[in-house]
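Mind docking chains B and C on chain A? Use the hints.
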Amino acid sequence: MGVMRIEERLTARGLVLPAPMEPPAGMALPFPWVRLWPNHRPGRAFASGHGPLLPDGSIPGGLLGKVGADVSETDAYEAARLTGLAILASLQRALGDLDRVTGWLRVFGMVNAAPGFTRTPAVINGFSDLIVDLWGPEAGAHARSAIGVAELPLGIPVEIEAEVAVD
Amino acid sequence: MGVMRIEERLTARGLVLPAPMEPPAGMALPFPWVRLWPNHRPGRAFASGHGPLLPDGSIPGGLLGKVGADVSETDAYEAARLTGLAILASLQRALGDLDRVTGWLRVFGMVNAAPGFTRTPAVINGFSDLIVDLWGPEAGAHARSAIGVAELPLGIPVEIEAEVAVD
Amino acid sequence: MGVMRIEERLTARGLVLPAPMEPPAGMALPFPWVRLWPNHRPGRAFASGHGPLLPDGSIPGGLLGKVGADVSETDAYEAARLTGLAILASLQRALGDLDRVTGWLRVFGMVNAAPGFTRTPAVINGFSDLIVDLWGPEAGAHARSAIGVAELPLGIPVEIEAEVAVD
Chain A
231 MGVMRIEERL TARGLVLPAP MEPPAGMALP FPWVRLWPNH RPGRAFASGH GPLLPDGSIP
291 GGLLGKVGAD VSETDAYEAA RLTGLAILAS LQRALGDLDR VTGWLRVFGM VNAAPGFTRT
351 PAVINGFSDL IVDLWGPEAG AHARSAIGVA ELPLGIPVEI EAEVAVD
Chain B
231 MGVMRIEERL TARGLVLPAP MEPPAGMALP FPWVRLWPNH RPGRAFASGH GPLLPDGSIP
291 GGLLGKVGAD VSETDAYEAA RLTGLAILAS LQRALGDLDR VTGWLRVFGM VNAAPGFTRT
351 PAVINGFSDL IVDLWGPEAG AHARSAIGVA ELPLGIPVEI EAEVAVD
Chain C
231 MGVMRIEERL TARGLVLPAP MEPPAGMALP FPWVRLWPNH RPGRAFASGH GPLLPDGSIP
291 GGLLGKVGAD VSETDAYEAA RLTGLAILAS LQRALGDLDR VTGWLRVFGM VNAAPGFTRT
351 PAVINGFSDL IVDLWGPEAG AHARSAIGVA ELPLGIPVEI EAEVAVD
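Protein chains in written order, with our numbering: chain A, 231 to 397; chain B, 231 to 397; chain C, 231 to 397.
If we strip away everything but chain A, and leave its shape as in the complex, we get (with noise of 0.2 Å):
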């Protein structure tokens, strides 16, 4: 009986990875979702700012806006999830197998703030528990910021961008 593979464990958790974020109309975005550097191995993958999505790559339109405003602090957690997923969708395209994330190290977590909202770790734990179930407590630990900035691309409600070791 060998470990449980993180692909296993998706699935008998019952979640889906998105399919690919269709580009919004008017912008392009000239960079990769996953940058990997060196090619050889180990090395480092880096995300970039991902937002939530929808299993069929949609933006979750009822989860624009503000958190604390336009968002509650649970549906924010649920976006901060989803947020997760569409990483891990973005990092299994990039690496082909999700075990080859060996390490996770840095999280930036960034929230759409209402003024005054400043619960903004209660959000992004909604990230860090889904990283820390499926990688569990050493592999999955991340050093990690949770902020509220002034906006965010398209009004999503949260961002993050992280860097994992690769091998």
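Don't read these hints as lab results, they were simulated from the structure.
This structure is a prediction, so every number in the text was calculated from the model and none was measured.
Accuracy of the hints is not assured; some may be wrong.
[What the hints assert, rightly or not] Where chain C lies over chain A, by a calculated footprint (3+ residues, C-beta under 8 Å): (1) 258-267; (2) 277-286; (3) 357-364.
Here a beta-carbon is modelled for each residue, glycine too, at the ideal position from N, C-alpha and C.
Here is chains B and C on its own, set in the frame of chain A:
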């Protein structure tokens, strides 16, 4: 006569590293304050976003709020210095010995800025001045950004994350 | 016939790298514009947060303020392009030769966004388009975030930091 160690320099300057922060009531923080990678040397340490702490590990209540309105630039500089001591305390706990930090690489400074407060670099200098004083101009040199953000966790005035080289 | 060097491409496009920024009056900047690590090859270079510069190293006064209110999206795109040239100038001074940059890894783009301005990716494209034009789609590919922040130093419209691979 050897070179003075970092811990000796802290003592010579009368600087005290704070106790670990108590997690705020009702807010889980499911991540470590320092992520070390790889386990073998040399490697990197990623410091999570830290805020200012008093020696007992509590958040200085008199420093909460917007810099340029609730908190003066002078007090915010001091908050950035206290944030530096908090990061050094976390690095010391993770590494055992601050002399293992052989180079400061990247510092990202976030100021809880009141509208119109643009002197964010002067605030984060409270951190940079501390690091250069302790490590010297070569090992202590770091790439840096110092920006104003919309909100920070719990209303802290300054948050800083960093990446350092570890031997 | 060899591959055209980066400096030759700059010349062929009529692009001029700016002189070093004069530190603003009354504000010390106790950090380098580029942090190289390790000293032996290959390594990484971390570029501090840069803003737009004119060829003489001065900040373009006509580009100060909030993007979407004081500064148009078109002018902000140009500011991001000028920020790119400022980063290339700093990398050239630190490395001696821009061909030593063998890969762009991470780009973090910060826009001084007016309330409601969410087209931050279109602004930071001024930087990404420049890099991909000069380095090509493989070496020039970079993970990227493009967010709206509350305030930037001195009221500049755009600030960008980056991490690159160096040989």
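Each hint tested on the structure:
Only residues whose C-beta sits within less than 8 Å of a C-beta in chain C count toward coverage, and the segment 258-267 of chain A has 9 of them, enough to reach three; the restraint holds. Counting residues of the segment 277-286 of chain A whose CB lies closer than 8 Å to any CB of chain C gives 3, so the stated coverage by that chain holds, three being the minimum. Judged by the Cβ-Cβ criterion of 8 Å, the segment 357-364 of chain A is not covered by chain C as claimed, because only 0 of its residues qualify and three are needed.
Checked against the numbered hints listed earlier, the structure breaks hint 3 alone; every other hint is satisfied.
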